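There are 2 protein chains.
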Amino acid sequence: MLEITPKLDNQSEKPLYVQLYDYIKQEIKMGNLTPDIKLPSKRRLAAHLSLSQNTIEAAYEQLIAEGYLLSIPRKGYYVCELDQNLADSNGQQSANFIKEKPYQDPKFLYDFTQIGVDARSFPFGVFRKLTNDILRSENDRLLKLGHPQGDYDFRKAIAKYLYESRGVCCSPSQMIIGAGTQYLIRLLFQLLQEGIFAVEDPGYHRRHVAFEKWERVKMIPLDQEGMMVSRLEESGANIAFVTPSHQFPCGMIMPISRRMQLLHWANMGEGRYIIEDDYDSEFRYSGKPIPALQGLDTNEKVVYMGTFSKALLPSLRVSYMVLPKPLIEIYQNEYFFYAQTVSRMDQDLLRRFLEEGHWEKQISKMRVIYHKKRDILVTEIMKQFPDSAEIIGQDSGLHVLVRVNNGMTEQELIDQAGRFHSKVYPLSAYGSHDNKTVLLGYASLSEAEIHDAVKMLAEAWF
Amino acid sequence: MLEITPKLDNQSEKPLYVQLYDYIKQEIKMGNLTPDIKLPSKRRLAAHLSLSQNTIEAAYEQLIAEGYLLSIPRKGYYVCELDQNLADSNGQQSANFIKEKPYQDPKFLYDFTQIGVDARSFPFGVFRKLTNDILRSENDRLLKLGHPQGDYDFRKAIAKYLYESRGVCCSPSQMIIGAGTQYLIRLLFQLLQEGIFAVEDPGYHRRHVAFEKWERVKMIPLDQEGMMVSRLEESGANIAFVTPSHQFPCGMIMPISRRMQLLHWANMGEGRYIIEDDYDSEFRYSGKPIPALQGLDTNEKVVYMGTFSKALLPSLRVSYMVLPKPLIEIYQNEYFFYAQTVSRMDQDLLRRFLEEGHWEKQISKMRVIYHKKRDILVTEIMKQFPDSAEIIGQDSGLHVLVRVNNGMTEQELIDQAGRFHSKVYPLSAYGSHDNKTVLLGYASLSEAEIHDAVKMLAEAWF
Numbered sequence: 001m002l003e004i005t006p007k008l009d010n011q012s013e014k015p016l017y018v019q020l021y022d023y024i025k026q027e028i029k030m031g032n033l034t035p036d037i038k039l040p041s042k043r044r045l046a047a048h049l050s051l052s053q054n055t056i057e058a059a060y061e062q063l064i065a066e067g068y069l070l071s072i073p074r075k076g077y078y079v080c081e082l083d084q085n086l087a088d089s090n091g092q093q094s095a096n097f098i099k100e101k102p103y104q105d106p107k108f109l110y111d112f113t114q115i116g117v118d119a120r121s122f123p124f125g126v127f128r129k130l131t132n133d134i135l136r137s138e139n140d141r142l143l144k145l146g147h148p149q150g151d152y153d154f155r156k157a158i159a160k161y162l163y164e165s166r167g168v169c170c171s172p173s174q175m176i177i178g179a180g181t182q183y184l185i186r187l188l189f190q191l192l193q194e195g196i197f198a199v200e201d202p203g204y205h206r207r208h209v210a211f212e213k214w215e216r217v218k219m220i221p222l223d224q225e226g227m228m229v230s231r232l233e234e235s236g237a238n239i240a241f242v243t244p245s246h247q248f249p250c251g252m253i254m255p256i257s258r259r260m261q262l263l264h265w266a267n268m269g270e271g272r273y274i275i276e277d278d279y280d281s282e283f284r285y286s287g288k289p290i291p292a293l294q295g296l297d298t299n300e301k302v303v304y305m306g307t308f309s310k311a312l313l314p315s316l317r318v319s320y321m322v323l324p325k326p327l328i329e330i331y332q333n334e335y336f337f338y339a340q341t342v343s344r345m346d347q348d349l350l351r352r353f354l355e356e357g358h359w360e361k362q363i364s365k366m367r368v369i370y371h372k373k374r375d376i377l378v379t380e381i382m383k384q385f386p387d388s389a390e391i392i393g394q395d396s397g398l399h400v401l402v403r404v405n406n407g408m409t410e411q412e413l414i415d416q417a418g419r420f421h422s423k424v425y426p427l428s429a430y431g432s433h434d435n436k437t438v439l440l441g442y443a444s445l446s447e448a449e450i451h452d453a454v455k456m457l458a459e460a461w462f
Numbered sequence: 463m464l465e466i467t468p469k470l471d472n473q474s475e476k477p478l479y480v481q482l483y484d485y486i487k488q489e490i491k492m493g494n495l496t497p498d499i500k501l502p503s504k505r506r507l508a509a510h511l512s513l514s515q516n517t518i519e520a521a522y523e524q525l526i527a528e529g530y531l532l533s534i535p536r537k538g539y540y541v542c543e544l545d546q547n548l549a550d551s552n553g554q555q556s557a558n559f560i561k562e563k564p565y566q567d568p569k570f571l572y573d574f575t576q577i578g579v580d581a582r583s584f585p586f587g588v589f590r591k592l593t594n595d596i597l598r599s600e601n602d603r604l605l606k607l608g609h610p611q612g613d614y615d616f617r618k619a620i621a622k623y624l625y626e627s628r629g630v631c632c633s634p635s636q637m638i639i640g641a642g643t644q645y646l647i648r649l650l651f652q653l654l655q656e657g658i659f660a661v662e663d664p665g666y667h668r669r670h671v672a673f674e675k676w677e678r679v680k681m682i683p684l685d686q687e688g689m690m691v692s693r694l695e696e697s698g699a700n701i702a703f704v705t706p707s708h709q710f711p712c713g714m715i716m717p718i719s720r721r722m723q724l725l726h727w728a729n730m731g732e733g734r735y736i737i738e739d740d741y742d743s744e745f746r747y748s749g750k751p752i753p754a755l756q757g758l759d760t761n762e763k764v765v766y767m768g769t770f771s772k773a774l775l776p777s778l779r780v781s782y783m784v785l786p787k788p789l790i791e792i793y794q795n796e797y798f799f800y801a802q803t804v805s806r807m808d809q810d811l812l813r814r815f816l817e818e819g820h821w822e823k824q825i826s827k828m829r830v831i832y833h834k835k836r837d838i839l840v841t842e843i844m845k846q847f848p849d850s851a852e853i854i855g856q857d858s859g860l861h862v863l864v865r866v867n868n869g870m871t872e873q874e875l876i877d878q879a880g881r882f883h884s885k886v887y888p889l890s891a892y893g894s895h896d897n898k899t900v901l902l903g904y905a906s907l908s909e910a911e912i913h914d915a916v917k918m919l920a921e922a923w924f
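Residue numbers (this note's numbering), protein chains in the order written: chain H, 1 to 462; chain R, 463 to 924.
Hints listed in this document are in silico derivations from the structure and should not be mistaken for laboratory results. Note that the structure is predicted; figures quoted are calculated from it, not measured. Any given hint could turn out to be false.
[To be verified] To be clear about the criterion: a stretch of chain H counts as covered by chain R if any three or more of its residues have a C-beta under 8 angstroms from a C-beta of chain R, and this derived list gives those stretches:
id	stretch
1	64-76
2	114-128
3	131-137
4	145-151
5	175-187
6	329-342
Every residue, glycine too, gets a C-beta built ideally from N, C-alpha and C.
Put together the whole structure using the sequences plus the hints.
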């Protein structure tokens, strides 16, 4: 086995895997580990250094992400040829050197991100089988550029699912597929050029809508039931972005009465629309299901949006929106020349996944898994945090909020968790001024990791 | 075998396959063909009706596209359950009925579209093998949301290819992957908010840029060498969109002297940029290769754009752009929160396709195939059209222009071709006022079809 002999310091502030990562990176940059050298497997290196495999994995993953290592399935980890820029970044940079902006932060062992899924349950086998069926020369129609709104059969399969599971009532012809919800929202902005946009505050859309249309955005506060319709009315806005199934980030589920009020608001003014973002409606752990606003609407006032990225696979960029008649007409008359952004093979894969019942099976399976994870998270927090934590928005979705009454501010909570190798997320990013509450997503952590991570947080915060 | 007994009229203006399509559609709507009935295979129905398999295929394809039939690989063609809207469309429509806007026109046997590839040569086997390698639980990192610019390894593989084949010199860190060139151009508009845009006239970008930024667009005429720099200078624009490898649609290749003039123009003013769209640089049949403008630029003035959709697979929505330093900085500071629009599995598939040499092999193979198709097209036109056609822009790319000197206008040429079941495309759509020239793409027609189609055109036009 290749000798990897870092000096690791158990007492250091720096976690062990960051030390290991630094060491290997330096060895590569100095040319001691040269291109195409094979590194020891995680298991062997863990044994050799008396570390956990998790530690080795965290270091390797980061080196892969930064282009120092390459992981070849069933073969192992190899040192990459450095491009000049990576090599240069060790000192003698050219004037025009462009630095890679890192996307993930390597410093954490437990990341409570709200963007992620349970990787162990992903149906790789089904995906493989379906893809093998699709990638055949009989399917050469899939090579041609398809319909701008997405393939009719795929839209039809989604419409059927939405009708059965969410009470959304639509024709496939009023649906548009797109590479992610952000993409579709930007298309919506083009359809609603003269709009004044109302967003939930705090809320997810607050960031995105405000960024692009800051001069035309009204922040609308929430009460226990969601967006306050009286404040919406006063604001003068005509387009309201809402997340009624599971308000992001606060987690309340909008009751039917508030839904009817919202629809009433929309019906009372010309050019008013509601954008219903149903981003994680699939996961609901208690209470009766409430039909989507779109299904309650009889006046072509609701745009319904949903996604496969949240519940199935964040890296699969497939979302959809259902437009009411006046908006689909603007789209078809003026924006039909935009090519579809989702590959046709991906569309066909998901169509079969829906039609053959895999999606429903997968969602049922994940609901059980996530329900259990949520229970563990909530129970552990209650057990570990002495009387001083409050859990918010746990009835559905893939994250909860935790208000920690230990005198720390949001930033202190985050920093202190970081010192214990755990990443929790600020609510202020979504406009909250609460300042003692953080966001914990739990989908991508294992049950054991949730246990350990909450212990870490208890040490960090109390 | 199920009885399909249409009355077909050989003398009708309506092509046979449209008659067949109409008949089957009517049978489904009237309930004579009910859901899940299996239709005869193309071969059997062709024998039964004494028609060519092509005719059956054209009818089936259109029925599939409209949701009446479903094609199940290795099983056959089935009647779909009609959704209410399709059924309703037979008369009793509800007030809010939303009609499917058709994307492809079923009326043509030979479609000279410029968007398409040779379906028979698509490497299904390689795609299947690579996908099987990727869809394994060891690759669970691919489930996580990836880097907003696209995966580093994928960008690195593209950068290497661009350097070797096009002389483009860039770091992976200045590249952004996106779901199609239109998507990336819209992102560029956000980076260049104060820009005044110059586009080639006639040209591809004329349509798209003008649509979104009509109040800030200058049309720049072309001479034999491409965009006229003197007119660009006079226009007051600061951002020039060009297609130097193969001007779209006119087909000229910009010589090195004009490239240097363009770069000089860019260097002479602050905030000036050139957008080099190298959409089909892979196919070049004569003359020496000329390096990309990006490779000649030493002052961070060129945005380079390319795509996998054109040469490999139109329905695979993957394009990329290389930004000069000032623009990548704006992007990284202000737009980094936009999630990547291409699925990570697709990125990984294409990365392996590049790294393992399949892309180069495929391009070499396609170059021979397309070269031959172009030769057949050009030879046939010369043979069939008596002294009165001129072929323009045949040195590269996947389409040519044909100027027909028979006294017909562009619209007459198109209409007359249509009567002979052939679709040719207007140059006026790209701003040309020539009015006797049409565009013929040849990538997706077979050699035999090109033969037959040109004969049809000769009958139609002379």
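Hint check:
1. Counting residues of the stretch 64-76 of chain H whose beta-carbon sits less than 8 angstroms from any beta-carbon of chain R gives 8, enough to reach three: the coverage restraint holds.
2. Three residues within the 8 angstroms Cβ limit are the bar, and the stretch 114-128 of chain H against chain R gives 9, so the coverage statement holds.
3. With a cut-off of 8 angstroms between beta carbons, the stretch 131-137 of chain H has 7 residues touching chain R; three or more are needed, and the interface restraint holds.
4. Residues of the stretch 145-151 of chain H with a Cβ under 8 angstroms from some Cβ of chain R number 5, which satisfies the need for three, so the listed coverage holds.
5. Residue count for the stretch 175-187 of chain H with a Cβ under 8 angstroms from a Cβ of chain R: 5. That meets the three needed, and the coverage hint holds.
6. Here's how the stretch 329-342 of chain H fares: 8 of its residues keep a CB closer than 8 angstroms to some CB of chain R, so the rule of at least three is met and the hint holds.
When held up to the earlier numbered hints, the structure conflicts with none and fits them all.
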